[in-house]
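Peer 1: Required output: the full structure, derived from the provided sequences and hints.
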Amino acid sequence: MTKGSIAPTRTRLNAVRHLAGAAAACLLFAHQLALAADPPAEAQRRPRIGLVLGGGGAKGAAHIGVIKVLEEMRVPVDCIAGTSMGALVGAGYATGLSASELEALITSVDWKNILRSAPRQEVPFHRKSLDHVFTIGLEVGVQEGAVVAPSGVVPTHQIEALLRRVAAGAGDAKTFDDLPIPFRAVATDLETGGMAVFSQGDLAASMRASMAVPGAFAPVEIDGHLYVDGMLVRNLPVDVARQTCADVVIAVPVANPAVSRDRLNRLTSVAGQALNIAIEANEKAQLATLAPGDLAIPVVLKDITSFDFASTPEAVKIGEAAARQAMSALARYSVGEREYALWRSGMQLHTAAATMKIDEIRITGTKVTDPEVMRSIVRTQPGEAFDQKKIDGDTTRLVAHGDLTSASYRISEEDGRHVLTYDVVEKPWGPNYLLFNLNFNTDMQGDTAWGVRIDYQKRWLNSLGGEFRTSFQVGKPRGLWAEFYQPLESSRTYFVAPSVFTTQSLAYLYQGDRKVAELDSTRYGLNLEVGRTLGTSGEVRLGVVTGQTESKTVVGTPGLAGPAKSKLGAGTMHLQYDTLDQRLFPSSGTLARADVLAASTTLGADSVYQVGSASLTQVVTMGPNVWTGTLQGGTSHGDEVPYHDQFKQGGLFRFSGYHLNELVGKEYAFASVQYRRRLTYLVETFGTAAWGGFSLETGNVFQRIDGTSARGALWGGSLFLGVDSKLGPVYVGYGRSQNGHSAWYLYVGSALEAFR
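Counting with our numbering, you get residues 1 to 756 for the letters of the sequence shown.
FYI, nobody ran anything at the bench for these hints, they're computed from the structure.
Warning: the hint list may mix true and false statements.
To be verified - Listed next, the in silico BS3-like pairs over lysine-lysine satisfying Cα-Cα at most 27 Å (straight line):
| hint | residue 1 | residue 2 |
| --- | --- | --- |
| 1 | Lys390 | Lys128 |
| 2 | Lys552 | Lys476 |
| 3 | Lys112 | Lys317 |
| 4 | Lys128 | Lys367 |
| 5 | Lys357 | Lys390 |
| 6 | Lys390 | Lys112 |
| 7 | Lys302 | Lys284 |
| 8 | Lys389 | Lys112 |
| 9 | Lys389 | Lys128 |
| 10 | Lys367 | Lys458 |
| 11 | Lys476 | Lys567 |
| 12 | Lys552 | Lys515 |
| 13 | Lys367 | Lys390 |
| 14 | Lys476 | Lys565 |
| 15 | Lys648 | Lys515 |
| 16 | Lys128 | Lys458 |
Peer 2: See the structure below:
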């Protein structure tokens, strides 16, 4: 488009926009005039109805079922007050969504993902390895020498995107009284302990504050105050509805049955019951204020808990059933078809949102992180039309980079220009972090490895996001690794990464299938790499490494692993690609890697040799079945490839049936197909589950260090049970290969992969 055509096009768009706004205003005026000129007889005498929706987390989805019955019986609602999930459902209804639209929205949410951290595909590549090595996922901060715990364990950015969709019908309403149905959200002021009633401002932020369960979600800051879930002070805000408009109240408390004594035998159940008692106390006080003309529709949800969001469809049905039992009492609030149709049409007039052009983009809330770096993550650009889906994607990408607890947006108008502002909240416990992990594996025959790992990260050392990271492990093996990762420009596409490392391990050497020695190996050195990211899906690194290896035979015949000492000096290349949806128990995606090491006497090595390897893994889900295909291989060139650079195979899913790293050689090829199926969910809302499956494997290791002749292919496989636990992955498996090799395995934590 030429410059000369832009102004007329904008003029026409503005004209259409103004005409649409004028038409909507005329329709609304005509609707109000019709009611004023010819009010139905029912409207002259009917009281104003206030709908009160109580808090209860996932249980609050039952409110949608109640609203379905209200619509069916033609019960108009004049104002709504809600707490927590009641605020979410109430806000959606107040902005013009019908019960069926609310149900479709809430039940279509993938709660297993929305309550997790940001989609893994959006995480910067150099941080993706953390979710495999540090599988517990416990991150704490370090500030002024003290450890600082997170203010919430459940990420909120995707919840906020959901709230934005719910609040989309609010348009440019100045206060919540300007919504199709006047609305109030209730929260708790965390500093004073008092009740906060939101009647204006950002509707999505008000909902978020009302549902910020302490300990689970971080508090929400609005106008300098911190707010948490309103359940603590007013789980069923009857008085708020009366103050807003209500002559009569329809109150909907949601609850679980009373807990029997035999279930109060754990710390978590006792703490949960204590909280329930406190919540029920303020709820009962509100129910006691109901007058004879009011109505309570209690909903009992049996086994659905506050965090059982995967059961929202069932909760909707239970709420509908409870409302149907109260239909005879609800009948007194019902109005005629004409009046209800006019009431409903008035709601719909407010739901159309005008299309607007974004004239400017701002980012606020950055203190440690650099706004220019944050801006490079945002894909929405000035001059584009407002696209909520694209903007939601921007907030997800901002949080996925690991420095924020949340990112939200708002649209403001300044001098006729639309300004899109991303409001980000940095982690209060950052920017220095600690991660912890435990790992253990054994083949049940004496070959055992274990470790306790700690990772320390110091981020944002400069405006480009330079960061220092060090990991160390005590146990078997032991190791220390430290890297300074420095991006070279604000897009963080290119980087340099110098590092130091040292590892020490004990490993058995085999002659055939007999243990003949135990080797104590140490490796240490310096590494300098330069690289380029391939978006968030991959990276390529080129580097040089220098150092030394030392090995000694603790038990058995010495000299099997070659020289006791050797110098390192090589050029390296690493290409990695990772689109797995999650690193452990993935359901889709690709994982690929290629590595080359070229040792040279010019770089300080004792001998000249080259080693190359490649691997490819593809994960596909077909219904309840997950299939994983893997191809791997490696080769070397040179007569003096030292033990530490030879390929080591053996263990569960790596020639199952053999001992851990039993097969050592200069070349290998491997292929496998793994099948697994979910047996049961541990916590369905968070996607944790137990899996059962098997693997079929083939391949071989050639030019073995023990001189064993290797011809053709070895065939084998495994049967396994895998559990996605809070301690990381747990595998119990049995492997068997041809020639009678078999073993049982137990893996806990990240022990499936060696220390970095």
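Peer 1: List in ascending order the numbers of the hints, as given earlier, that are violated by the structure.
Peer 2: none
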